[in-house]
Structure formats: structure tokens, C-alpha cells
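Protein chains: 2
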Amino acid sequence: MAEIDYILHPIGFLQSSLKRREDAPKQGREGAPDAWLIVNDEFAEGLDRVAVGDELIIISWFHRSQRDTLKVHPRGDPAIPLTGVFATRSPDRPNPLGLHRVTVREIAGSRLKIGPIEAIDGTPVVDIKPVLPHTIDA
Amino acid sequence: MAEIDYILHPIGFLQSSLKRREDAPKQGREGAPDAWLIVNDEFAEGLDRVAVGDELIIISWFHRSQRDTLKVHPRGDPAIPLTGVFATRSPDRPNPLGLHRVTVREIAGSRLKIGPIEAIDGTPVVDIKPVLPHTIDA
Numbered sequence: 001m002a003e004i005d006y007i008l009h010p011i012g013f014l015q016s017s018l019k020r021r022e023d024a025p026k027q028g029r030e031g032a033p034d035a036w037l038i039v040n041d042e043f044a045e046g047l048d049r050v051a052v053g054d055e056l057i058i059i060s061w062f063h064r065s066q067r068d069t070l071k072v073h074p075r076g077d078p079a080i081p082l083t084g085v086f087a088t089r090s091p092d093r094p095n096p097l098g099l100h101r102v103t104v105r106e107i108a109g110s111r112l113k114i115g116p117i118e119a120i121d122g123t124p125v126v127d128i129k130p131v132l133p134h135t136i137d138a
Numbered sequence: 139m140a141e142i143d144y145i146l147h148p149i150g151f152l153q154s155s156l157k158r159r160e161d162a163p164k165q166g167r168e169g170a171p172d173a174w175l176i177v178n179d180e181f182a183e184g185l186d187r188v189a190v191g192d193e194l195i196i197i198s199w200f201h202r203s204q205r206d207t208l209k210v211h212p213r214g215d216p217a218i219p220l221t222g223v224f225a226t227r228s229p230d231r232p233n234p235l236g237l238h239r240v241t242v243r244e245i246a247g248s249r250l251k252i253g254p255i256e257a258i259d260g261t262p263v264v265d266i267k268p269v270l271p272h273t274i275d276a
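Those protein sequence lines, which keep their order, are chains A and B.
Residue numbers for the first sequence follow this note's numbering, so the first one is 1 and each next one is one higher.
Residue numbers for the second sequence follow this note's numbering, so the first one is 139 and each next one is one higher.
Keep in mind the hints are simulated off the structure, nothing from the lab.
Warning: the hint list may mix true and false statements.
Computed spacing ranges between beta-carbons, pair by pair [to be verified]: (1) Pro81(A) with Asp259(B): 32 to 38 angstroms; (2) Pro25(A) with Arg158(B): 39 to 45 angstroms; (3) Arg29(A) with Arg158(B): 36 to 42 angstroms; (4) Arg20(A) with Glu168(B): 38 to 44 angstroms.
From the derived model, a few chain B residues whose C-beta atoms are all more than 10 angstroms from chain A [unchecked claim]: (5) Arg158; (6) Asp172; (7) Arg205; (8) Gly214; (9) Asp215; (10) Gly247.
Glycine is no exception: its CB is placed at the ideal position from the N, C-alpha and C atoms.
So here's chain A without its partners, still in its complex pose (with noise of 0.2 angstroms):
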């Protein structure tokens, strides 16, 4: 294959009570809080039928990553072997791409309260799909 990159575009950001990548849990499930995604105007349109209760997957680039990083620690325990980035959920991978699985709790104009969601304050969103009906499919 022919070496290619991709640009992405920020379709928004979050805002959240996590500050600092250390404070944040190392999955939504543990114990982290509802954030503010908030979408930027140009792409409010794709927000269209979207509606509180809706679970959605959040897709955020972790901004504050190590892209060089192929194994980690999991769970950044040393008691743990070194693993391949690729089986596990480390934020430091080639691509730091994170998915979040979330519940829409309310919804201002093109704002949306989401949780619970473990990404940090200032986090770039760039993807929300549905959960699909009917399946577990991330």
C-alpha cells in the first residue's frame, strides 16, 4: 500500500469535570461523569434525530498520547506483561482514536450531555454514531 495520511476535522470537543489525564478512570464504567460535547456550527445539521435516551458512540482523539508507543503495560500495571497496543484500550497507539460508549442525557441546541465518558476537559470528538437496534456492534 502506497503510504497515505488522512486529516481529520474536528466535528467538536468536550467539556468535562476531568482535568487531568490522570484523574480520569481508565474506562466510562468506572465511576467516570457526564460530560458537555459541544458540536461546532458547521456540522450542527448531522445532530438531526438525534434525542435524549439515544446510546451513542462517542469517537474522541486523545490529544495528550504517545503515538510511538506499539506495547504498553495494561492498565498501566507493571504486574502485567508487556502487550501490543492493538489488544488493549491504551490511549498511546498509532492512532489515538477513543471510543466511548454513552447514554444522551439532555440536548441544547448543538450541545448534548453525554456520560459517562472518561476522556479529559477538552478532548476532540470526531464521530458520533448510534448504537445500532438489536446488536452489540461497536
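Given the structure of chain A, go ahead and fit chain B onto it with the hints provided.
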């Protein structure tokens, strides 16, 4: 938020019997075939501890998509009202990332046979994540 762009580096690509977008089912579980995921040598170390039988989330880049589309008829059905792309799984969206939940069928070095997956031949892959145990998190 400042306007910032982010560059994805494909970590590999798919070899599939699906050659054209119009031949592909809408979702992997709608009769899609298995495919080979060819991981570039420079990222192969990241596969350490990925095993046959694992369930993975593949994040692809729908390289044939329209990025300026914000509303679509879901499933291409004109009888379904226009809907914001963030409430659909349309491949046409501002950042055309695809999510595919697959099972690892076979491993040959840095090549993984995975499926079912509806992405077409040549589709770039940008990330691989494990499905988390005891959750249906994406």
C-alpha cells in the same frame, strides 16, 4: 476551539472479496464475508497477544465516502426521512471512520483473517481494539 487538523496514519488495509461499495452489505452481520487485515510491518509489534478467537473492534477509513454530507436517507432508502449523519451509520460523514466488530479467525504473522466485515477491498485500517470483557462497550 481553535481549528486543528489531525493526521491519521493507516496501520494496514483490508483484502476482501468485496470489490465495490454497491456490493457490500450495510453491516457486517448482514452476510458480509471474512477478509484479511494486512498490518504494515512497522506496526506489527502492536499485535502482540492478539489471538485467534478474540473479538476486536476494527476502525477503518471509508476512503470512498463523501465528507461534506450531513444528512442522509438511512440505509439509502428514500422512504426513510432525511436524518443527521450522526444518528446513522452512513459511511458518508465528516470523518468517514467505520467501526466493525469482528472475530479473529486466523493469524499469519502480521496478517489477521477477520470477519464478518462489510468494508470493501483496499479499505485502510487505522486502529484495532479489543472488545472489553464483561461489557458491550464499543
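Each hint tested on the structure:
{"no.": "1", "hint": "Pro81(A) with Asp259(B): 32 to 38 angstroms", "in the structure": "36 angstroms, holds"}
{"no.": "2", "hint": "Pro25(A) with Arg158(B): 39 to 45 angstroms", "in the structure": "43 angstroms, holds"}
{"no.": "3", "hint": "Arg29(A) with Arg158(B): 36 to 42 angstroms", "in the structure": "39 angstroms, holds"}
{"no.": "4", "hint": "Arg20(A) with Glu168(B): 38 to 44 angstroms", "in the structure": "43 angstroms, holds"}
{"no.": "5", "hint": "Arg158", "in the structure": "19 angstroms, holds"}
{"no.": "6", "hint": "Asp172", "in the structure": "16 angstroms, holds"}
{"no.": "7", "hint": "Arg205", "in the structure": "8 angstroms, violated"}
{"no.": "8", "hint": "Gly214", "in the structure": "16 angstroms, holds"}
{"no.": "9", "hint": "Asp215", "in the structure": "15 angstroms, holds"}
{"no.": "10", "hint": "Gly247", "in the structure": "13 angstroms, holds"}
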